[in-house]
Amino acid sequence: NAGVTQTPKFQVLKTGQSMTLQCAQDMNHEYMSWYRQDPGMGLRLIHYSVGAGITDQGEVPNGYNVSRSTTEDFPLRLLSAAPSQTSVYFCASSDIRGTEQYFGPGTRLTVT
Amino acid sequence: GESVGLHLPTLSVQEGDNSIINCAYSNSASDYFIWYKQESGKGPQFIIDIRSNMDKRQGQRVTVLLNKTVKHLSLQIAATQPGDSAVYFCADDLTGNQFYFGTGTSLTVIP
Chain L
-13 NAGVTQTPKF
-3 QVLKTGQSMT
7 LQCAQDMNHE
17 YMSWYRQDPG
27 MGLRLIHYSV
37 GAGITDQGEV
47 PNGYNVSRST
57 TEDFPLRLLS
67 AAPSQTSVYF
77 CASSDIRGTE
87 QYFGPGTRLT
97 VT
Chain U
-7 GESVGLHLPT
3 LSVQEGDNSI
13 INCAYSNSAS
23 DYFIWYKQES
33 GKGPQFIIDI
43 RSNMDKRQGQ
53 RVTVLLNKTV
63 KHLSLQIAAT
73 QPGDSAVYFC
83 ADDLTGNQFY
93 FGTGTSLTVI
103 P
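Chains as they are written, first to last, in the working numbering: chain L, -13 to 98; chain U, -7 to 103.
Hints in this document: simulated from the structure, not taken from any laboratory.
It should be emphasised that the depicted structure is a prediction, and the values quoted were computed from it without experimental measurement.
Heads up, the beta-carbon is just placed ideally off N, CA and C, and yes, glycines get one too.
Keep in mind that a hint or two might mislead.
According to the in silico footprint, chain U covers these stretches of chain L (three or more CB under 8 Å from chain U) [claimed, not checked]:
(1) 23 to 36
(2) 85 to 95
Result set (DSS-like, lysine-lysine): computed pairs, CA atoms no more than 27 Å apart in a straight line [unchecked claim]:
(3) U:Lys48 / L:Lys0
(4) L:Lys(-5) / U:Lys34
(5) U:Lys60 / U:Lys48
Make a model of the complete structure from these sequences and hints.
Printed below as a string of structure tokens:
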């Protein structure tokens, strides 16, 4: 049981490039979320999903897209990277609404 | 929107002492709260949670207290150990799937 996995661990992008951060969980959790963590700040919710085929925006969704075609996977797409998107990105999952979230190890993204 | 704040960004305690980390939230409708521990370079790890129908919950060496009147919660760590050194976040859940996180308190345990 690997829990929540994220790839890559580190990524450097140039402004304007696009990429996809991968997130997968093997716990059969319905709920999955993406957060970003900036220095001196708490985690902020980007997008979340309550099940396959259903996604919704969080607190800071601009510049990011998500999709949920399977229960296991919840990729986060950066459409046109900007320096303001330099951050550490965490994916999380939980089995039912309003319960403990399990976090992945994070992806550290730098946009130059 | 919801805001969650921690009272102190840093806290240093002697090994063996008790630690208390405080957190305030803004929305009285919040009904579920979690404390997370984050070690350097890792994702947040669940410590303990509490629902709004309770005012105290205990785990192994940790206790969470919730005061809904003043919208405040605290995390108490008994007999703090070097392995407890980390950043601690409180988070509250307004809508059932949108957690709002505080900015974190960095706990340093002095041997």
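Here's how the hints hold up against the structure:
With 8 residues carrying a beta carbon less than 8 Å from a beta carbon of chain U, the segment 23 to 36 of chain L meets the three-residue requirement, and the given coverage holds. Counting residues of the segment 85 to 95 of chain L whose beta carbon lies closer than 8 Å to any beta carbon of chain U gives 8, which reaches the threshold of three, so the coverage claim holds. About 49 Å separates the Cα atoms of U:Lys48 and L:Lys0, which puts this hinted pair outside 27 Å; it is violated. Annotation: proposed proximity of L:Lys(-5) to U:Lys34 holds, straight-line Cα distance about 11 Å (limit 27 Å).
Pair hint U:Lys60 plus U:Lys48 holds up; C-alpha atoms about 11 Å apart against a cutoff of 27 Å.
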